[in-house]
Amino acid sequence: MGWEFDGGRVEANTADNRLQIFFDEKPDKEIREELKGNGFRYSPSTEAWQRQLNDNAIYAADCIKCIQPLTGERPTELQKRASQEAAAEKAAAPEQPQDTEPGTADAPEKPTTPETFYKVRQNSYSDSPENSYILQEYVAQDNGMAKLGDILYTGTPEKCRELLGKLETGELTQGDVKDLYAKAQEAQTAAEPGQDVPEQTADKKEPDKDTFSIYQLKDGDGMRDYHFEPYDRLQAAGLSVEAANYNLIYAAELTPGTSLEDIHTRFNIDHPKDFKGHSLSVSDIVVLHQNGEDTAHYVDSFGYKEVPEFLQEQTPQLTPDTRMTGEQIRTPRGSFSVTDMTAEQMKEAEYGLHHTSEDRKYLIMGNGTQAFAVAAEPPEKANPLKHVEDAIEQNDNNFDGIINNTPTPTADELEEKARNGEQISLAEYAAALKADKEQGKEKKPGIKCFCGFPARPGRAVLRSATLF
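Letter by letter, the sequence shown follows residues 0 to 467 in numbering that gives the first Met the number 0.
Keep in mind that the hints were calculated from the coordinates and are not lab data.
A virtual CB, placed ideally from N, CA and C, is assigned to each residue, including glycine.
One or more of the hints may lead you astray.
[Claimed, not checked] Cut-off 25 Å, straight-line C-alpha distance, at most; resulting in silico cross-link-like pairs (SDA-like, lysine to any residue): (1) Lys-35 with Ser-258; (2) Lys-158 with Asn-122; (3) Lys-118 with Asp-178; (4) Lys-64 with Thr-45.
[Claimed, not checked] Have a look at the derived ranges for each label pair, beta carbon to beta carbon: (5) Pro-156 with Asp-209: 23 to 31 Å; (6) Ser-42 with Lys-275: 24 to 32 Å; (7) Gly-7 with Lys-165: 35 to 43 Å; (8) Lys-177 with Asp-293: 34 to 42 Å; (9) Cys-62 with Thr-318: 34 to 42 Å; (10) Ser-82 with Lys-275: 21 to 29 Å; (11) Leu-317 with Ala-85: 52 to 60 Å; (12) Lys-275 with Phe-116: 20 to 28 Å; (13) Glu-347 with Gln-234: 14 to 22 Å; (14) Cys-65 with His-277: 17 to 25 Å; (15) Gly-164 with Cys-65: 38 to 46 Å; (16) Gly-291 with Gly-169: 49 to 57 Å; (17) Glu-349 with Cys-62: 29 to 37 Å; (18) Glu-292 with Pro-156: 37 to 45 Å.
Please take these sequences and the hints and turn them into a complete structure.
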């Protein structure tokens, strides 16, 4: 399987189990970053951008605009067509005439065994010369691809090539090679110094090891908006990175010198045998445990984004269905369960006012799916001293429960102020006359009041006004 694109070609290298991209000219920086963001890495030895050959690699190729096939099809469509053609060829094969041996014409057809082949490759995760190479099994697929099989042996390049030759000639089987590897491991363990040292006593605490963990999003319709989304687009949509949305997929010891980039490469190019997730992709989380502390890193379009919020304990959101009192409120529109949440808390939980109960005691609030009844805000409590103040205080400008308001001046007091040269308000004087009248001290009509005005130094000026 392969295809050409404008400026290069893509090949499915089943021998090396790599999906390889060859460019006619060196791609620019933007294209290189896009390739890295989709799990491809440049290999100087092959002069190609490549990643492990599997379904995830084809899906990743779908996302890279610059390598789309000239035919107008998508890479996944090409893969599907190649698989269908292979299946059709396989189905047509029995129709071809074949020479049958005597006595075998009626024998049931044996199921075909998947074709396997073997390769010796460098072990990029070992610094030891004794374990620098790997003898790896590969299993051919109907679609022309190959998937990783078992690791049969890890050792020196000479030993791995020797065993490869014996496998190809039939001198050894897979089981024989695995037995040899197990015996070599046992011999190496026995030869290591300090094997006779007793285990540490319980009072000696084992040092905290550095580790890394890989988390991937859960499946389901609710996670559709999260899968493979870059961090900035996630934030723009009002979504957040929460641990509750993820499953722990893999955890292992973090060897010294291993970087986040190394982890990304390994879990795209050469998965560990016990890794059950998909190739490390955008929206996955890598948690590093180093020196007793944890840091969380979001796999972004380009590199990683540290996300401390992933490690924070999530406070469970207050929801009305977890705070129901057991009561039911009936309105002309139906029956509703009562929750002890406040109207403000309901608004924070994205519930809006639907209608009010007939007695105005309950608000019916819903979110488009379900609705609950919450108690309406209680009316402001009446001041128990209001009637006392109303009877005793001289004015009604401040009913506060404290009988200390400034009394309204009487008409006599205002007249006295005017005689002393002080300025008074006619409106205040009229109010004083009215108050005196209500208290039985009615003034005679036509009485003159005195309104003081500013006088020249050493002289008081009084003017009179007649009130009717």
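Comparing the hints with the structure gives:
At most 25 Å may separate the alpha-carbon atoms for a hinted pair to count; Lys-35 and Ser-258 meet this at roughly 15 Å. The hinted pair formed by Lys-158 and Asn-122 meets the criterion: a straight-line CA distance of about 14 Å does not exceed 25 Å. For the hint pairing Lys-118 with Asp-178, the CA-to-CA distance comes to about 18 Å; that is within 25 Å, so the pair holds. Distance restraint check for Lys-64 and Thr-45: the Cα-Cα separation of roughly 22 Å lies within the 25 Å cut-off, and the hinted pair is therefore satisfied.
Take Pro-156 and Asp-209: their Cβ atoms lie about 30 Å apart, and the range 23 to 31 Å holds. Look at Ser-42 against Lys-275: about 27 Å separates their beta carbons, and that is inside 24 to 32 Å. Our hint of 35 to 43 Å for Gly-7 and Lys-165 holds, since their Cβ atoms are close to 40 Å apart. In this structure the supplied range 34 to 42 Å holds for Lys-177 paired with Asp-293, their Cβ-Cβ distance being about 37 Å.
A C-beta distance of roughly 37 Å is found between Cys-62 and Thr-318, which places it inside the suggested range of 34 to 42 Å. Between Ser-82 and Lys-275 the C-beta distance comes to about 23 Å, which sits within the given range of 21 to 29 Å. In this structure, Leu-317 and Ala-85 meet the distance hint of 52 to 60 Å, their C-beta atoms being roughly 56 Å apart. For Lys-275 and Phe-116, the Cβ-Cβ distance of about 24 Å falls inside the hinted range of 20 to 28 Å, so the restraint holds.
At roughly 20 Å, the beta carbons of Glu-347 and Gln-234 sit within the given window of 14 to 22 Å. Separation of Cys-65 from His-277 is about 23 Å and conforms to the stated range, judged on CB atoms against 17 to 25 Å. Roughly 42 Å separates the CB atoms of Gly-164 and Cys-65, a value that falls within the hinted 38 to 46 Å. A beta carbon spacing of about 53 Å between Gly-291 and Gly-169 agrees with the range 49 to 57 Å that was offered as a hint.
A C-beta distance of roughly 33 Å is found between Glu-349 and Cys-62, which places it inside the suggested range of 29 to 37 Å. Between Glu-292 and Pro-156 the Cβ separation comes to about 39 Å, which falls inside the hinted range of 37 to 45 Å.
Of the numbered hints listed earlier, not one is contradicted by the structure.
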